[in-house]
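K.L.:
Below, each chain spelled out in residue letters.
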Amino acid sequence: MEKIVNDLSHHIRLNKGFFIWMGFLVLAFLACLYAYTRQLQYGLGVAGVRDYISWGLYISNFVFFVASSLIGMLISAVLGLIGFKWVHPITRIAETIAVAFAAVAGLVIVMDMGRPERLAYVFMYARFQSPILWDVTVITTYFVISLLLLFLPMIPDMAVLYKRFSKLPSWLKPVYKVLSLNWTDHPEQNRIIHRSVYILLILIIPAALSIHTVTSWLFALTVRPGWDSTIFGPYFVSGAFVAGSAAVIIAMYFFRRNYKLQDYLTDMHFNNMGKVLVLVAFVYLYFNINEYLVPGYKLKRADALHLHELMAGNFAVMFWLVQVGGLLIPIILLLFRRMRRPMPLTVISVAVVIGAWFKRYLIVVPTMAHPFLPVQHVPENFKVYTPTLIEIAITLLSFILVLIIITLISKFFPVIPVVETAKDKGLDPLKSIES
Amino acid sequence: MKRLFCLILLLASATWRLEAQNPGWPVPDDQKGKICLVKFTPDMVKQGEAIYMKNCQSCHGIPTKKNFAAIVPSPGDLSESKVGSQKDGELFYRITTGKVPMPEFRNILTEDERWSVISFVRTYHKGYKQPDPEKLAGAAGKRIRLSMAYDTVKKKIMVKAVELSKDGPQPAKGAEVVIFIQRYFGNMQLADPKPTSEYGYAGFDWPQDLPGDKRGNVIVTARVNDPTGSMQEALVKDTLTIGVPTDKPSLTDTRAMWSTRDKAPVWVILTYTLAVLVVWYFIIYIILAVLDIRKIKQV
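Respectively, the protein sequence lines represent chains Y and U. Under our numbering, the residues of the first sequence are numbered 1 to 435, in order. Under our numbering, the residues of the second sequence are numbered 1 to 299, in order.
Here chain Y stands alone, though its shape is the one from the complex (with noise of 0.2 angstroms):
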């Protein structure tokens, strides 16, 4: 028990590595907050966005944000509730990046705006009609369900740490002490937390699936080519999977090698996590299939126009690197279990990771680039859309925040259950509390 304690928390203080490391991210934050200062200071038109490309990057960033935040649904609820017991120490990564993309997610769109001072006409004006209602009401509860998801599990744990781990810097003792709820491993106390994850592992099901869905929805509620498709729900959630799946992997890379996790996030969990990530990469590569090879056998003439720029036009190049680089080359490699292993698997995850971004853009962007009435009397830079650099640095300033918050949530908490791992080994952190 007490090895198992030491393991999962000694990573748990202030040192050199962390300031570096936070330090660098701060500094990052804040020049690229002097871009969004710019942003409000002179409005949208930094962007690149015009009249007829109005979503850009942004917009494209939000829906791979709120991709990658899925994986926490599939992890700790589908996988968890199955009883797969090789997914309880990747549960809490999987949370952690769950509550990180969504709660930026939200600032993503509130840097879209041209005025995020008047966000609250969202809710004062909000249509009951409008995707744009639904997609505000499921991210926010998604973002609740998820916090609450990482937060329950975690009781106990800091009510160990904070009796049983003598390293426990003293400035995080008070808020362990306050989050820890007085936990005394009562059953009445265990009843509730076993009860309350039951009931919101069922519930971020259908939250998780409504907040992919619905923002699929912003796109397929229109009748522009490339959007205009039934299949967008389940063709966004099988997406947003392969994202977080490979999210998930990198996280696990990077805290089994920074945190010395190796005895917790074994061979075998990355293993398994390949075969997820396969999984649902094909099941992804079949709903591409349908998106592209429907349309493009009917040949319809806007669709017809929107699968030539995709795929033989200007965004060919792109298009071409993100399904073969980003989704076929992965598939075919990740059948092979050597390929499964931990470096490997992880540069596999990076370059899907990457291709899912790009894959967003491609959704967002080239369809906008064709609108039905013909584009006339503007300017060049309405035609074609160019990010600029401000609109670059206000999307890398979200990745930031991202990084900042995973960071501080793995840092100053254990990032694999402590007392779950305990007991799957057999172990009784009752014993350590009441001792």
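Keep in mind that the hints were calculated from the coordinates and are not lab data. It should be emphasised that the depicted structure is a prediction, and the values quoted were computed from it without experimental measurement. Note that beta-carbon positions come from the ideal geometry of N, C-alpha and C, so glycine has one too. Certain hints may be false.
Claimed, not checked - Below are the SDA-like pairs computed for lysine to any residue, each with C-alpha atoms no more than 25 angstroms apart in a straight line: (1) U:Lys263 / Y:Arg118; (2) Y:Lys423 / Y:Phe84; (3) U:Lys160 / U:Gly212; (4) U:Lys99 / Y:Val375; (5) U:Lys297 / Y:Arg191; (6) U:Lys295 / Y:Pro187; (7) U:Lys99 / Y:His377; (8) U:Lys87 / U:Pro73; (9) U:Lys263 / Y:Trp217; (10) U:Lys82 / Y:Val378; (11) Y:Lys275 / Y:Asn290; (12) U:Lys99 / Y:Glu380; (13) U:Lys39 / U:Glu90; (14) Y:Lys411 / Y:Asp7; (15) Y:Lys383 / U:Ala70; (16) U:Lys66 / Y:Arg50; (17) U:Lys39 / U:Glu80; (18) U:Lys54 / Y:Tyr52; (19) U:Lys297 / Y:Tyr198.
To be verified - So the derived label-pair ranges between C-beta atoms look like this: (20) Y:Asp51 / U:Gly24: 21 to 29 angstroms; (21) Y:Asp51 / U:Tyr184: 18 to 26 angstroms; (22) Y:Val294 / U:Lys154: 54 to 62 angstroms; (23) U:Tyr184 / Y:Leu27: 54 to 62 angstroms.
Starting from the known structure of chain Y, arrange chain U on it as the hints suggest.
P.N.:
Relative to the frame of chain Y, chain U by itself:
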């Protein structure tokens, strides 16, 4: 060599002058001299400002603010000197005929309204002096009075033009009459312009399937808009009960997906509210239960 240089210089200056004088939108010479037949008054400027804000401001912006729309070709700010240096007739012609992407206002604004817009824009042009309408009083053209009635037998709208001359009213022959029907946005021209007969009549076939309001009312405008200026503008506007009575509820009258929030379909409101209530009931229930953990002491 010298001659070549001179030639180039000449050509260059010629092109430059062409560029300066003719920004790709020529105005016929006979239209340039057109002027407003009344003195601009503060009331007219005020009316012009209101019309400007409704019809022109979205592209041209507010004069002197340079906040015109970023479209090609640029609409520009109307307070600029390149507008100020144009004659009233040129401005009038451009407003009247339009040129893509600028709409033509011939059927949207009456002549008086177009002149009032010019009177408003002119307040931004320093040194502008309105050409004296008094001097043109004699050459203002004949005064015409129009009247209009529906001939139920011939199914035609008959427009009668009467010239008000010194010797009393008499039929006006050869007056170009145009007919417009008021629709949701602006006026729809019914047929090609027609000259009046020697008895002063012009007849227009009335389409039997044209929708009117609930009672079949249609607002019809007949106008004499003589391009040569030999006749003054004359206009008659009347509500005639000759359209097909149409009582379609407006698309936004009933509850619908595209309507305002207050007119959302009931099932959408119910589904949304119910889903939110159920999910948040559980979330709040769990939060309260978890807070209870604090109260449970070890036995």
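K.L.:
For each hint, tell me whether it holds in the structure or not.
P.N.:
Now the hints, each set against the structure:
no.	hint	in the structure
1	U:Lys263 / Y:Arg118	24 angstroms, holds
2	Y:Lys423 / Y:Phe84	15 angstroms, holds
3	U:Lys160 / U:Gly212	23 angstroms, holds
4	U:Lys99 / Y:Val375	17 angstroms, holds
5	U:Lys297 / Y:Arg191	14 angstroms, holds
6	U:Lys295 / Y:Pro187	13 angstroms, holds
7	U:Lys99 / Y:His377	12 angstroms, holds
8	U:Lys87 / U:Pro73	21 angstroms, holds
9	U:Lys263 / Y:Trp217	21 angstroms, holds
10	U:Lys82 / Y:Val378	22 angstroms, holds
11	Y:Lys275 / Y:Asn290	23 angstroms, holds
12	U:Lys99 / Y:Glu380	21 angstroms, holds
13	U:Lys39 / U:Glu90	18 angstroms, holds
14	Y:Lys411 / Y:Asp7	14 angstroms, holds
15	Y:Lys383 / U:Ala70	13 angstroms, holds
16	U:Lys66 / Y:Arg50	19 angstroms, holds
17	U:Lys39 / U:Glu80	23 angstroms, holds
18	U:Lys54 / Y:Tyr52	24 angstroms, holds
19	U:Lys297 / Y:Tyr198	23 angstroms, holds
20	Y:Asp51 / U:Gly24: 21 to 29 angstroms	24 angstroms, holds
21	Y:Asp51 / U:Tyr184: 18 to 26 angstroms	24 angstroms, holds
22	Y:Val294 / U:Lys154: 54 to 62 angstroms	58 angstroms, holds
23	U:Tyr184 / Y:Leu27: 54 to 62 angstroms	58 angstroms, holds
Hint compliance for this structure: no hint is broken.
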